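Listed below, chain by chain, are the residues.
Number of protein chains: 2
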Amino acid sequence: MKNMVSIGLLGVGVVGSGVISLIEQHQAKLAHQLGCNVHVKSALVRNPNKTRDVDAATNGTVLTTNPDDVLNDPEIDVIVEVMGGIEEAREAILKAFEAKKHVVTANKDLVALYGAELHEAAARNKCDFYYEASVAGGIPILRGITDGFASDHIEQLLGIVNGTTNYILTKMHHESVSYEDALKEAQELGFAEADPAADVEGLDAARKMAILGRLAFSTYIDLEDVDVTGIEGIELEDLQHGDNLGFTMKLIGFAKFDGKQVEVNVEPALISKDHPLADVKNEYNAVYVYGEAIGEAMFYGAGAGSMPTAAAVISDVVTVIKNMHRGVTGSQFVEPRFKKELKPVDQRFGQYYIRFHAKDEAGVFSRISSLFNEFDISFKQILQNPSKEADTAEIVVITHRSSLEKMQQALGALNKLDEVPDIKSFYKVEGDAEA
Amino acid sequence: MKNMVSIGLLGVGVVGSGVISLIEQHQAKLAHQLGCNVHVKSALVRNPNKTRDVDAATNGTVLTTNPDDVLNDPEIDVIVEVMGGIEEAREAILKAFEAKKHVVTANKDLVALYGAELHEAAARNKCDFYYEASVAGGIPILRGITDGFASDHIEQLLGIVNGTTNYILTKMHHESVSYEDALKEAQELGFAEADPAADVEGLDAARKMAILGRLAFSTYIDLEDVDVTGIEGIELEDLQHGDNLGFTMKLIGFAKFDGKQVEVNVEPALISKDHPLADVKNEYNAVYVYGEAIGEAMFYGAGAGSMPTAAAVISDVVTVIKNMHRGVTGSQFVEPRFKKELKPVDQRFGQYYIRFHAKDEAGVFSRISSLFNEFDISFKQILQNPSKEADTAEIVVITHRSSLEKMQQALGALNKLDEVPDIKSFYKVEGDAEA
Numbered sequence: 001m002k003n004m005v006s007i008g009l010l011g012v013g014v015v016g017s018g019v020i021s022l023i024e025q026h027q028a029k030l031a032h033q034l035g036c037n038v039h040v041k042s043a044l045v046r047n048p049n050k051t052r053d054v055d056a057a058t059n060g061t062v063l064t065t066n067p068d069d070v071l072n073d074p075e076i077d078v079i080v081e082v083m084g085g086i087e088e089a090r091e092a093i094l095k096a097f098e099a100k101k102h103v104v105t106a107n108k109d110l111v112a113l114y115g116a117e118l119h120e121a122a123a124r125n126k127c128d129f130y131y132e133a134s135v136a137g138g139i140p141i142l143r144g145i146t147d148g149f150a151s152d153h154i155e156q157l158l159g160i161v162n163g164t165t166n167y168i169l170t171k172m173h174h175e176s177v178s179y180e181d182a183l184k185e186a187q188e189l190g191f192a193e194a195d196p197a198a199d200v201e202g203l204d205a206a207r208k209m210a211i212l213g214r215l216a217f218s219t220y221i222d223l224e225d226v227d228v229t230g231i232e233g234i235e236l237e238d239l240q241h242g243d244n245l246g247f248t249m250k251l252i253g254f255a256k257f258d259g260k261q262v263e264v265n266v267e268p269a270l271i272s273k274d275h276p277l278a279d280v281k282n283e284y285n286a287v288y289v290y291g292e293a294i295g296e297a298m299f300y301g302a303g304a305g306s307m308p309t310a311a312a313v314i315s316d317v318v319t320v321i322k323n324m325h326r327g328v329t330g331s332q333f334v335e336p337r338f339k340k341e342l343k344p345v346d347q348r349f350g351q352y353y354i355r356f357h358a359k360d361e362a363g364v365f366s367r368i369s370s371l372f373n374e375f376d377i378s379f380k381q382i383l384q385n386p387s388k389e390a391d392t393a394e395i396v397v398i399t400h401r402s403s404l405e406k407m408q409q410a411l412g413a414l415n416k417l418d419e420v421p422d423i424k425s426f427y428k429v430e431g432d433a434e435a
Numbered sequence: 001m002k003n004m005v006s007i008g009l010l011g012v013g014v015v016g017s018g019v020i021s022l023i024e025q026h027q028a029k030l031a032h033q034l035g036c037n038v039h040v041k042s043a044l045v046r047n048p049n050k051t052r053d054v055d056a057a058t059n060g061t062v063l064t065t066n067p068d069d070v071l072n073d074p075e076i077d078v079i080v081e082v083m084g085g086i087e088e089a090r091e092a093i094l095k096a097f098e099a100k101k102h103v104v105t106a107n108k109d110l111v112a113l114y115g116a117e118l119h120e121a122a123a124r125n126k127c128d129f130y131y132e133a134s135v136a137g138g139i140p141i142l143r144g145i146t147d148g149f150a151s152d153h154i155e156q157l158l159g160i161v162n163g164t165t166n167y168i169l170t171k172m173h174h175e176s177v178s179y180e181d182a183l184k185e186a187q188e189l190g191f192a193e194a195d196p197a198a199d200v201e202g203l204d205a206a207r208k209m210a211i212l213g214r215l216a217f218s219t220y221i222d223l224e225d226v227d228v229t230g231i232e233g234i235e236l237e238d239l240q241h242g243d244n245l246g247f248t249m250k251l252i253g254f255a256k257f258d259g260k261q262v263e264v265n266v267e268p269a270l271i272s273k274d275h276p277l278a279d280v281k282n283e284y285n286a287v288y289v290y291g292e293a294i295g296e297a298m299f300y301g302a303g304a305g306s307m308p309t310a311a312a313v314i315s316d317v318v319t320v321i322k323n324m325h326r327g328v329t330g331s332q333f334v335e336p337r338f339k340k341e342l343k344p345v346d347q348r349f350g351q352y353y354i355r356f357h358a359k360d361e362a363g364v365f366s367r368i369s370s371l372f373n374e375f376d377i378s379f380k381q382i383l384q385n386p387s388k389e390a391d392t393a394e395i396v397v398i399t400h401r402s403s404l405e406k407m408q409q410a411l412g413a414l415n416k417l418d419e420v421p422d423i424k425s426f427y428k429v430e431g432d433a434e435a
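As given, the protein sequences belong to chains A and B, one line each in that order.
Be aware that the first sequence starts at 1, since it is given in this note's numbering, and climbs by one per residue.
Be aware that the second sequence starts at 1, since it is given in this note's numbering, and climbs by one per residue.
For reference, chain A alone in the conformation it holds in the complex (with noise of 0.2 Å):
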């Protein structure tokens, strides 16, 4: 057993900072634990002048420009990658496998496109490779699922993965202010970029989900199996109704598998006020397990943020050193169990929401639900006003549960209707008691 186990780390920027003053901090309890010390030795960053958060000098980290200073140093036993992107940090990662260096990464875009390759390059060279900082933060939910739910069959996640958009969606709910000022207020108090693209058109959600849906299921999940929409142009409105009816309007991940197929989405989703998710608030994040054993089960926390995303980054280091201590590095990764085979549209279910206008005149309504029921679908609750056009309703329904597929069939008739100007907007419902 070593006396001291060094870390590279690849990026200092606001996690990477963590890092290091973490480690700095929590030496005691880490030696504690381990039964050696732990240092990180050196670090790669773009410019080694730049004022940082952490002094890393003070804290005998030295900084380098040059990635081989940190992937080749012999006595470096551990990478720790928090530099972003991806091109970069993929070749680094695999540079320092082939180095026989384990691999600690927050990187979710990395993980959720290259998940298959880095593993098999870890496993071929014996090495660990973890990345319980790459989803929701602090939150220890990668954990959660492989080894918490080892014995069980996971049938259903249900996840609030992105704190950008769940901030911008609780300001909407709870103070009744419109998308574009609540994105603007995130933006001035740092839950949003200055682009926010990646957070609200839930590209962000979708790679994690992947993450969450290939650990949950094992199968592997591409990215691109992940359907996605965000949460630019929804309005006030409909999350009034949602209101109303009992709903809270959040971005949704969902991932579902019965054994053979699997579903996985993104979407704005109006959520069941009696649903624990429906409390998830501000930037919190919260990840809904439906275990066929355990049942019903949530992991919430801090979704972001440096110390939480740093500290999630040190457990798996903490893993990787017990590891190493005990000879069994690399062994922990497990060939998926499952082909990947998705669910078709035309077999996917859900209840719905829909908004429409309607002309207010006699046996209108009653038309438009003869219409619902040629697709077998059928009402559970109606809100009806007036609208702000002369003769003209504004309907409200949630569905009972039908397939998307006849859904979109029966929205497609509903538009070609002449008493129908307009539908206003259509989302799925979760958490509802037949959902």
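These are computed hints drawn from the structure, not numbers from a lab.
Please read all numbers here as calculations on a predicted model, not as lab measurements.
You may find that some hints are simply not true.
What the hints assert, rightly or not - Below, simulated DSS-like cross-link-like pairs (lysine-lysine); rule was C-alpha separation at most 27 Å, straight line:
1) B:K322 to B:K100
2) B:K380 to B:K322
3) B:K343 to B:K260
4) A:K2 to B:K322
5) A:K126 to B:K322
6) A:K273 to A:K95
7) A:K2 to A:K41
8) B:K95 to B:K322
9) A:K322 to B:K100
10) B:K281 to A:K281
11) A:K273 to B:K100
12) B:K424 to B:K406
13) B:K359 to A:K322
14) B:K322 to B:K359
15) A:K339 to B:K29
16) B:K339 to A:K322
17) B:K339 to A:K29
Stated by the list, open to error - If you want a taste of the chain B side facing chain A, the calculated C-beta under 8 Å gives, among others:
18) G144
19) D279
20) G301
21) A302
What the hints assert, rightly or not - According to the in silico footprint, chain A covers these stretches of chain B (three or more CB under 8 Å from chain A):
22) 15-26
23) 29-37
24) 148-156
Virtual Cβ for every residue (Gly too), placed ideally from N, Cα, C.
Based on the hints, put chain B in the right spot on chain A.
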């Protein structure tokens, strides 16, 4: 690596039956993860002829009334103890360790009372000892704390860790029924035992908090170190006043460690409705963790039930078998890092809820608030209404943060005031911004 790992089961009640049937049901998943089959070879029962939820014989499990048939069988590697009780279970587990068998248990009473002894026996014999199912059923909270927070300093835990009391308090809160009626309903639905003492007096929660505190703070916490108050005698009135002031009554397990002194207790407390624990309803459990780096995280799920508990037991069996294959059994135990030091009552702080009656005369309220002021206690929220008795007001206050010692002195002084005929109730307040 063995082709078949044999389990010996102690007890085939509801959890034991669940263990047998889940292992049968998930053979393929277990074999895929572990590279071997898992089989319950024999099981200790009191009465082999009793009708059970699972037909052990069809699963090839041999029932026996002689513990040695299970504990001394050289083919058996892992003992699963789900017989409950204390002395008999303790003896059997110690015997199992002497026979070099690994042990998984769901027995919180035993782990809370004899955890230190059992861990030491396991370590001496290089055996594994796991008990995830002993706290909060299917929720992987022990793994979450030990692995997920490995690099963080856990400052505080708040737990709703008893489903029976949470069910009763939820009923009282949402349906305005009395404690007695809610208990009766819980008994009829099977959420409370015929003799509910261990649950409603808080003992069950105290056992779980002792186990959680030990793992979170790396110090031995004995059951007798946990101050316990149950939910008996809680009046609907206090739930209603709490509700009006923005709080929900829960039986809260509280554990705090400042790096030196530890404080663990279980008591009914009012928790702010803004806090995620306030939304944990019915028989559900949740543990809320405050980590220095990770921030706030919550683990939520079914706290009991035969299948969730059985699934947690098998997740531990999976861990043990992985350790066996890697040749690293017996290495998980780490001596507690800190010597136990309990925080004296006069150094415990909190916010408090007090309800009392006072004469409805000029100057009385001002006298009362100066009395509290003398003990450095000020009020954050006040609710005053005429009481049912003539010329008397009912006053409810929520205080700012103060020391418990001063609070007890203030209540003593209040009780002596002629103008205050009655102090009706006194509860801690949790989850408020300043708490």
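Check your understanding: Is B:K424 within 27 Å of B:K406, Cα to Cα?
Key -> OK: B:K424 and B:K406 at ~19 Å, within 27 Å.
**Study point:** Pair hint outcome, B:K359 versus A:K322 [Cα-Cα no greater than 27 Å]
**Key:** With a Cα-Cα distance of about 66 Å, the restraint between B:K359 and A:K322 is violated, given a limit of 27 Å.
Review point. Per the coverage rule (Cβ-Cβ under 8 Å, at least three residues), is the region 15-26 of chain B covered by chain A?
Key: With 4 residues closer than 8 Å to chain A, the region 15-26 of chain B meets the three-residue bar; holds.
Check your understanding: Under the criterion that the straight-line Cα-Cα distance not exceed 27 Å, is the pair A:K273, A:K95 satisfied?
Key -> 48 Å, violated
Check your understanding: Holds or violated: are the alpha carbons of A:K339 and B:K29 at most 27 Å from each other?
Key -> 14 Å, holds
Review point. Is it true that the CA of B:K343 sits at most 27 Å from the CA of B:K260?
Key: 9 Å, holds
Check your understanding: Is it true that the CA of B:K339 sits at most 27 Å from the CA of A:K29?
Key -> At roughly 14 Å apart (the allowed maximum being 27 Å), A:K29 and B:K339 satisfy the hint.
Practice item. Mind checking the CB of B:G301 against every CB in chain A and telling me if the closest is under 8 Å? Key: 3 Å, holds
Exercise for review: Would you check the hint for A:K126 and B:K322, treating anything up to 27 Å between C-alpha atoms as holding?
Suggested key: Holds, at roughly 16 Å.
Check your understanding: Has the given pair, B:K322 with B:K100, been kept, meaning a C-alpha gap of at most 27 Å?
Key -> At roughly 17 Å apart (the allowed maximum being 27 Å), B:K100 and B:K322 satisfy the hint.
Check your understanding: Does B:A302 pass the interface hint, meaning its C-beta sits closer than 8 Å to a C-beta of chain A?
Key -> Where the cut-off is 8 Å and the nearest Cβ of chain A is about 4 Å from B:A302, the hint holds.
Practice item. Take the C-alpha atoms of A:K2 and A:K41, compute the straight-line distance between them, and say whether it is at most 27 Å. Key: With Cα atoms ~15 Å apart, A:K2 and A:K41 stay inside 27 Å; holds.
Checked against the numbered hints given earlier, the structure breaks hints 2, 6, 11, 13, 14 and satisfies all the rest.
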